[in-house]
Amino acid sequence: MNSQIYHQKTLPRSNKWRQLARKKLSFLIASEISSVKQSTVVLDTLKSIQPCFDGVGLASAIAYANSCAKIPLCQIASALAAANALEMWDMCAAIVEELRLLATQPKNAPFVIELAVRSLEQGAAKQVIKELGNLQQTLPYFDEVIEQPNFPSMSLACLEKYIALFLDEVQYFCFTIFKIQPCASSKVPK
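Here the sequence shown is numbered in this note's numbering, starting from 1082 and rising by one per residue.
What the hints contain is simulated information worked out from the structure, not anything from laboratory work. Predicted model, so just to flag it, every value in this text is computed and none were measured. Virtual Cβ for every residue (Gly too), placed ideally from N, Cα, C. Keep in mind that a hint or two might mislead.
[What the hints assert, rightly or not] Here are the computed distance ranges between Cβ atoms for each label pair:
hint, residue 1, residue 2, range
1, 1224, 1146, 38 to 44 Å
2, 1240, 1154, 17 to 23 Å
3, 1231, 1144, 35 to 41 Å
4, 1130, 1171, 14 to 20 Å
5, 1132, 1170, 15 to 21 Å
[Unchecked claim] With a Cα cut of at most 30 Å, we get these calculated DSSO-like pairs of lysine-lysine:
hint, residue 1, residue 2
6, 1207, 1151
7, 1242, 1207
8, 1151, 1242
9, 1207, 1188
10, 1207, 1128
Between the sequences and the hints, there should be enough to build the whole structure, so can you do that?
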C-alpha cells in the first residue's frame, strides 16, 4: 500500500510530462509503423507488369516452386500471370504445353483460345492456337467447337483469332483437296 502511495506521489502530474509522454508515444508508434512498412514486400510492380497478377497466382507459383504441379483450370489465368510476372519461364512453358493438350478437345477450345489471346505472349498464343488447326486438318473440328455452349461468350479478339484460323484451314483445305489456287494477296499454309 505504501509503495502505491509513494509511486503516485513521485509521478509528475504537469501538462509538460503529458506532452512529453505523448511525443514519445507518437514517436514509438511512428517508428513501429515505418518498420512495418519497411518489412512489407510491395508487389505493385508485378501488378503493373501483369494486370491479372493476384494472390491466387502467387500461391500457385509458390506451390509450383515447391514441386507441386497441380493448378486447377479456374486458377490457370492467375497462375500464368504470376509465372510471367515472376519470370518463371519453366512454369510458363509447362502451362502452355498443358493448354496445347487442352486445345485438342473441342469442348475446351473456346476456353483455351480465350486464355491464349488474353494471357499469353504472342508467340506462345500462336503455338496454342495453331494446335487447334494442326489437330486434324479437318473442318468438322471447327463445327464441334462452334457447337460448344461457352463459344458465344468468347471476346471479340478471340473470335477474330478463331475466324482467322478457320479461314486458314478452309484455304488449306481448298488448296490441297480441290487444287484451287489462292489469291495473290493471301498466303498458303505449308
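Q. Do residue 1132 and residue 1170 keep their Cβ atoms within the hinted range of 15 to 21 Å?
A. holds (20 Å)
Q | Pairwise hint evaluation, residue 1128 against residue 1207, where the allowed Cα distance is 30 Å at most | A | holds (25 Å)
Q: Kindly confirm whether 38 to 44 Å is satisfied by the beta carbon distance between residue 1224 and residue 1146.
A: For residue 1224 and residue 1146 the Cβ distance comes to about 42 Å; the hint holds.
Q) Is the hinted pair residue 1151 and residue 1242 satisfied, with a Cα-Cα distance of at most 30 Å? A) holds (29 Å)
Q: Assess, step by step, whether the Cα of residue 1207 is no farther than 30 Å from the Cα of residue 1188, and give holds or violated.
A: holds (19 Å)
Q: For the pair supplied as a hint, residue 1207 and residue 1151, confirm whether the alpha-carbon distance does not exceed 30 Å.
A: holds (24 Å)
Q. Is the distance from the Cβ of residue 1240 to the Cβ of residue 1154 consistent with 17 to 23 Å?
A. The hint (17 to 23 Å, Cβ to Cβ) holds, given that residue 1240 and residue 1154 are roughly 21 Å apart.
Q) Taking 35 to 41 Å as the hint, is the beta-carbon distance of residue 1231 and residue 1144 inside that range? A) Violated - the Cβ-Cβ distance for residue 1231 and residue 1144, about 27 Å, lies outside 35 to 41 Å.
Q.
Is 14 to 20 Å respected by the C-beta to C-beta distance linking residue 1130 and residue 1171?
A. The hint (14 to 20 Å, Cβ to Cβ) holds, given that residue 1130 and residue 1171 are roughly 18 Å apart.
Q) Under the criterion that the straight-line Cα-Cα distance not exceed 30 Å, is the pair residue 1242, residue 1207 satisfied? A) Judged against 30 Å, a Cα distance of about 9 Å means the pair holds.
In summary, the structure is inconsistent with hint 3 from the numbered list given earlier, while agreeing with all the others.
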